[in-house]
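J.: Sequence:
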Amino acid sequence: MKFFENISTYEYSFPAVSLAYFLRYPNPYSRHVLTTDVIERYVDPQTGRLHTTRLHLKKSKVPAGILKLLPKGIGGSDSSGQSYILETTVVDAREGWMETESRNMEWTGILSVVEKQRYQREVLEGEGTTTTAAQGADERTNVKTTVTFRSRFGQGKLLGGRSRSETATPSSKAEDEAPKRGFFASLSTAGVQRTIELIGLNRTRDAILSSKKGMNIVLERLRHGGIVGVLEGMRQDREAAFGPDGPWKRVWLHGSGSHAEEDDG
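Residue 1 is where the sequence shown starts when you use the UniProt record's numbering, and the numbers rise one by one after that.
Hints were generated in silico from the structure; no laboratory data involved.
Ideal placement from N, C-alpha and C gives every residue a C-beta, glycine not left out.
Take every hint as true, because none was put in to throw you off.
Straight line, CA to CA, 27 angstroms or less: simulated DSSO-like cross-link-like pairs of lysine-lysine: (1) Lys59 with Lys116; (2) Lys144 with Lys59; (3) Lys144 with Lys212; (4) Lys2 with Lys213; (5) Lys213 with Lys144.
Okay, the calculated beta carbon distance ranges per label pair: (6) Ala190 with Pro45: 47 to 55 angstroms; (7) Arg103 with Tyr42: 14 to 22 angstroms; (8) Thr88 with Thr9: 17 to 25 angstroms.
Work out the full structure: start from the sequences and follow the hints.
T.: The structure is reproduced here in structure tokens:
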């Protein structure tokens with residue numbers, strides 16, 4: 001198991017950052033995100049906190065470095081794969097914090113990745129006026145990101161091998177060799193697991209940087225154009241990713257064309 005931790009700061013108020021978080025897809029740094037669906041959303045009547053569960057569908061494939069470590073046929077070979085990410089968030093607007101958790105839904109036996117973030121408002125001491133305070137110019141938002149990587153690759157086979165060796169009654173020679181094979185197999189499996197976790201960790205460093213760049217773009221759009229500016233940016237990013245005739249637009253045009261033909265008839 002490996003861990004990655006990062007601490008960063010957004011020079012924006014907590015309300016702006018928390019809103020941008022829910023509006024961050026798509027952006028120029030996340031064109032691999034295909035869809036986002038809200039599974040559940042509610043406000044806890046006792047705490048007043050907003051709870052949200054979302055499901056993101058992303059273009060994804062097992063990294064080439066990991067594929068080389070896997071038996072042939074495991075993990076696929078094409079680059080058109082897709083995977084789901086389950087995201088849960090809790091927002092406390094009054095206390096000024098938000099906690100998030102994201103985890104992969106596919107290939108969890110090869111590598112399970114769990115990312116946790118805590119966004120925290122920080123009030124800055126300065127000579128802010130009432131106007132700047134209302135705009136959130138006298139505060140910023142700190143973010144602590146913790147990512148856990150765990151590979152369970154090979155554990156099922158090893159456990160199965162142990163149970164069979166316990167119930168079988170082999171010859172004395174096989175009895176002497178079986179522990180050796182099990183010992184070296186466990187060493188080999190542990191080494192592969194550590195390598196897989198390390199590859200995931202190295203990729204996450206770049207992903208965290210890209211994620212922050214994407215958030216900053218959304219925050220800039222929010223600052224200069226409000227929600228309308230963010231939505232217009234989303235439209236442009238989606239066209240850049242899928243073209244002007246993306247899948248959703250083709251569906252809409254097809255539906256409009258069908259109705260038009262019916263009206264003409």
